[in-house]
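**Student:** Modelling step: build the complete structure from the supplied sequences, incorporating the hints.
These protein sequences, in sequence, are chains R and H. With the first letter of the first sequence counted as 1, position 68 gets the number 68 in my numbering; the numbers rise by one all the way through. Count along the second sequence starting at 1, add 1000, and that's the number in my numbering.
It should be emphasised that the hints constitute simulated quantities derived from the structure, not laboratory data. Where hints are given, some of them may not hold.
[As the list claims (entries may be wrong)] Label-pair ranges, simulated between beta-carbon atoms:
1) Tyr-105/R - Glu-1211/H: 21 to 27 Å
2) Lys-104/R - Lys-1126/H: 19 to 25 Å
3) Lys-1195/H - Lys-11/R: 25 to 31 Å
4) Gly-82/R - Glu-1049/H: 56 to 62 Å
As the structure is a computational prediction, the values presented were derived from the model and not from experiment. Each residue gets a CB set at the ideal place from its N, CA and C atoms; glycine is no exception.
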Amino acid sequence: MLELDKTTFEKEVLQATGKVVVDFYGNGCVSCEALMPHVHALAEKYGSDTLKFCALNTSKARRLAIGQKILGLPVIAVYENGVMIDSCVKEAATPAAVEAMLKKYC
Amino acid sequence: MEKIYDVIILGAGPAGLSAGLYAGRSRLSTLIIEKGVDGGQIAITNEIENYPGQVLEGETGPSLIARMTEQAKKFGAERISDTINSVELDGEIKKVVCSNGTYQGKTVIIATGAKHRNIGCENEEKFIGKGISFCATCDASFFEDFEVYVVGGGDAAVEEAMYLTKFARKVTVIHRRNELRAAKSIQEKAFKNPKMAFMWDSVVVKVDGDELLNKMYVKNVKTGEITTVEADPDDGLFGLFGFIGLLPNTELFEGKIDLDKGYVKTDDNLHTNVPGVFAAGDLRIKVLRQVVTAAADGAIAATEAEHYLAHKK
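**Tutor:** This is the structure:
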């Protein structure tokens, strides 16, 4: 998992070619913390040259997250050529639902 | 079909994990099915101060639950991630039909818990995570220096509203009555807080926005008058948090076991009206819904399941 910040998000996600999975989390977001090990396991399983896995701490990049239309955590999003094409948001972001979403793109 | 478990536990919150620990320790073959992450509601709870023994520095809901999961596993309870689609509870062998397979058990302990109640306005689903939230600790920081509205009037609503004032520049509580239900001590603090405002006798009927929430319609329940609330143009968005109580996760069991307003009816020993089917935790009719009472329920349900199996032999 590549840890992003507000200076690297643009290059690694928005300007990337191919598909990028982003785990948006935040400080004090306990459900993000609970989901994260599952996302790491999914990154091991599905990560490849064509499906890159990243994480962004939105607490340090609030405006960036709002710019991506995110106002609730956790969000696991799939980007393709810089555009968000799919996401699992908040309670819908269960490990099973995230895996089902990822299977569509690998 | 394959294995028949002694006990199948539906849900891995405190009730389910406690049942798993007791059942496993009694050498019953035990399966715990959970669709999400372990812990249920406490998986999104940062502070738990009232679970006996919970005095560790830096302990959170997930860290407490991680130990409960480990303990259940230690005594042999299997735990799988799957979504339950339907259940067949009648007869000697119960069936639990999930997305990835069907599981069979001689007894079932229902511990699927409860979830927050939705606000109940038009367009709500569209704006969850886009301005609507039910988790202040998850999402409060997005609203730093924005305006936030909180629906509800009980202890949780008012306490969460005050927590949100640490981030938002103004927090307005929208309540359907003309006085709060929260404890007086909490109310006093709320009325003194300069960032707090109140809309009485009001309910949110519709939310709207351009991807992010920036408009809502609030109805006065006494006059029927509709007020339009719009985001400050400089902000372009506002937050709406709902804290109006719980709903039991019991849709799957409607018509299969006795429910009252969605909550499961049990006797003192947690038997439902169906032989071999037990219920534990927040989905039960009970006076106190806490981690400690859920864990107690799990222990009783597993022990009763063991007695039920012993009598069958």
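**Student:** For each hint, tell me whether it holds in the structure or not.
**Tutor:** Verification of the hints:
1. Tyr-105/R - Glu-1211/H: 21 to 27 Å: holds (22 Å)
2. Lys-104/R - Lys-1126/H: 19 to 25 Å: holds (22 Å)
3. Lys-1195/H - Lys-11/R: 25 to 31 Å: Since the Cβ atoms of Lys-1195/H and Lys-11/R sit about 39 Å apart, the hinted range of 25 to 31 Å is violated.
4. Gly-82/R - Glu-1049/H: 56 to 62 Å: violated (45 Å)
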